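Protein chains: 2
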Amino acid sequence: MITIKDIAKEAQVSEGTVDRVLHNRGGVSKKTEAKIKKILEHHNFSVNPVASALAMKNKYVIATLIPEHNELDLFWQSPYLGILKGAEDVKSFGVQVTNFGYNQYDPDSYLNTFNALIETKPTAVIMVPNFSAETKKIVNQLEALNIPYLFVNIDIDGFNNIGFVGQDSYNAGYIAGKLMHLSLPKPAAFLIIQARYNITKNNAVSNRIKGFNDYFVKNNINSTTQTLKIENLDSSNETKEKINSYLEKHPEVKGVFVPSSRIYIVVDCMKKEYLSQLECIGFDNTPQNIACLQNDTVSFLISQKPFDQGYEAIRLLTEYLLKNDITNPKHYVPIDILIKENVKYNERHEFNIVKNNTKH
Amino acid sequence: MITIKDIAKEAQVSEGTVDRVLHNRGGVSKKTEAKIKKILEHHNFSVNPVASALAMKNKYVIATLIPEHNELDLFWQSPYLGILKGAEDVKSFGVQVTNFGYNQYDPDSYLNTFNALIETKPTAVIMVPNFSAETKKIVNQLEALNIPYLFVNIDIDGFNNIGFVGQDSYNAGYIAGKLMHLSLPKPAAFLIIQARYNITKNNAVSNRIKGFNDYFVKNNINSTTQTLKIENLDSSNETKEKINSYLEKHPEVKGVFVPSSRIYIVVDCMKKEYLSQLECIGFDNTPQNIACLQNDTVSFLISQKPFDQGYEAIRLLTEYLLKNDITNPKHYVPIDILIKENVKYNERHEFNIVKNNTKH
DNA sequence: TATATTTGTGTGTGCGTACACGAAAATTGT
DNA sequence: ACAATTTTCGTGTACGCACACACAAATATA
Chain A
1 MITIKDIAKE AQVSEGTVDR VLHNRGGVSK KTEAKIKKIL EHHNFSVNPV
51 ASALAMKNKY VIATLIPEHN ELDLFWQSPY LGILKGAEDV KSFGVQVTNF
101 GYNQYDPDSY LNTFNALIET KPTAVIMVPN FSAETKKIVN QLEALNIPYL
151 FVNIDIDGFN NIGFVGQDSY NAGYIAGKLM HLSLPKPAAF LIIQARYNIT
201 KNNAVSNRIK GFNDYFVKNN INSTTQTLKI ENLDSSNETK EKINSYLEKH
251 PEVKGVFVPS SRIYIVVDCM KKEYLSQLEC IGFDNTPQNI ACLQNDTVSF
301 LISQKPFDQG YEAIRLLTEY LLKNDITNPK HYVPIDILIK ENVKYNERHE
351 FNIVKNNTKH
Chain B
1001 MITIKDIAKE AQVSEGTVDR VLHNRGGVSK KTEAKIKKIL EHHNFSVNPV
1051 ASALAMKNKY VIATLIPEHN ELDLFWQSPY LGILKGAEDV KSFGVQVTNF
1101 GYNQYDPDSY LNTFNALIET KPTAVIMVPN FSAETKKIVN QLEALNIPYL
1151 FVNIDIDGFN NIGFVGQDSY NAGYIAGKLM HLSLPKPAAF LIIQARYNIT
1201 KNNAVSNRIK GFNDYFVKNN INSTTQTLKI ENLDSSNETK EKINSYLEKH
1251 PEVKGVFVPS SRIYIVVDCM KKEYLSQLEC IGFDNTPQNI ACLQNDTVSF
1301 LISQKPFDQG YEAIRLLTEY LLKNDITNPK HYVPIDILIK ENVKYNERHE
1351 FNIVKNNTKH
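Order-wise, the sequence lines are chains A and B. For the first sequence, counting from 1, position 154 maps to 154 in my numbering; every step adds exactly one. Counting from 1 along the second sequence, just add 1000 to a position and that's the residue number in my numbering.
Far from chain A by the CB rule (all over 12 Å, computed), these chain B residues:
hint	residue
1	P1107
2	N1222
3	E1231
4	D1234
To give a feel for the contact side, a few chain B residues facing chain A, derived at Cβ under 10 Å:
hint	residue
5	A1051
6	K1091
7	K1178
8	Y1332
9	D1336
Simulated from the structure, these hints should not be mistaken for lab results. Quick caveat, the model's predicted, so the values are computed rather than measured. Where is the CB? At the ideal position from N, CA and C, for every residue including glycine.
Use the sequences and the hints to build the structure in full.
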């Protein structure tokens, strides 16, 4: 492996001078710069990232701003774990990660948490831009401070974010439509059950719904979709009542699509008699949802690889910090189709981290 | 971040002594060893892999022994690219990778290539164990030389391999059966078209077939499967004749399952009239197969994530070399269900590497 | 000639590794 | 019992490679 020392020798300059050229730090005459660059090119030189990382020790701090998770909403645990794993991996490259969690239903929490975050003066930020107005405020501050930021999970336009890591929600919904049709080829009505009303305009949930509907429209399929909006999608009697009475009134409904990670709640609310007759499709590989796959109450889950989203966000941003350049700013995670039989092979990483953390 | 120096100071010994304890290099009294270990434990210390790699510089050589790829058999290109990408990633950790390709249909080529490989005195070997008898010979040599080896893609028992990276073929076949049944719920006959006769007993292909058949048996489904074996599964007139005449004789066949990456050839061989009426399911996301998904001649592909297999093999073996320990010896890759709509989000990594390689 | 500017050099630092060597303890011989 | 020798145990330090700062030399400007 060729080193800076080699290059310096060949160019008959000192190592320091080569380093200056490599990092455009100035103070080098055009002539020597050209000479050195030519030699670098010729040897196809690239710095040894390991030595580089060692020398730069502890230069960067990435702060993350993502929704917090709890027992009811386990989804956000996965990105968090992915972030932890990523943090572990980049730690020795001089990148530190600190995490800030906000209440995903509360814009104030979002802003307040950000204020705490910005106090710590991070080098870069990874965030889930949940509310557009507040996001605008946040982004303004970041840009004033010249702090690069990366969006995760929710893709909204009109910002100068470094990149995006997440799923193409529209296509994911489209695929859900296809799977629904595949399971129920005969004309039928499908019910979309939607939790809380959209918070961001360009929300993942609404894009999934659009994709789902579009599948039937674009393929001229004689099935229809209807939507049921429920304010608090929990296992309360109120929700049960709403869902079951709706199903009773609409016997034409043969399939249920829940464009969020809450399908397990819907399934839990439905009366047995409906459950056994309906095809259910939902999103996200949370433990509760996986249990529904296992006991055959849900036929398909679409995974948006939440763990990978967290992990890749760290990886991508670290790449940006180290190389000052990003190869592929939009990182779309795969749209995984999960069924009972393949779910156990999916995202195994999640389980390793726990072990690694407690281990010496 | 806590360093060896810190530990040494706390234990009132020198750094060298701590290092000896860390690597069990002996020459340390039980008492001091215990003291140091306790402190290590207490601080949850782990060596900085970056500094470690820098200090060890160029200690390891991984040799890979995998089937070579060509235009007709593009499948093996992906693991190869995954290996290249992995090699790039671990290069700066002092791990070098050299690749050896053999003709997957020729046991002699397998052995001869191995002989060339072993001449280079590698530290460890990644191999695709294609022929059992020859594999036994190879493994004997490796074990005599105390060279650790990792199996990729084909999992055979009875060897002391460090681990395995690949897919659970049986379950993948089982899932293929489920998808077939989902597409054609009514009782029907399904044709399995098999290329060259099994080379290894515990072949991936035969496990997939077993899984496919078992799906129908275990779920008491009134469909049947039949098998057509073709010696050379290429686009020759001979193959076309065989396939089409078989389909003519067996109009009850409604679906075709090809448990290898050659479904595109089968599709190419079939007459239009059959093609439009048949449900086709195959394996592997090769460019040709993906084209078949796109033009709707194939409804499902199951990907065994070949790129990831190569990449993970390098990662896993590097972990073993650096830590002398492996967290999870059996690394099963996900069983990805590919359809027209989600194929483009799958395994994007493959495209990046090309750019990275030519880049300075 | 004095002063500012450009261009280049030398070196300590980050952290772990492993070797050469020194000190202390244990064993042997007489 | 005491010196001589071996064994055990531990220290000190020169690498590996890139980075960046303090400083020096060379050149340009006043």
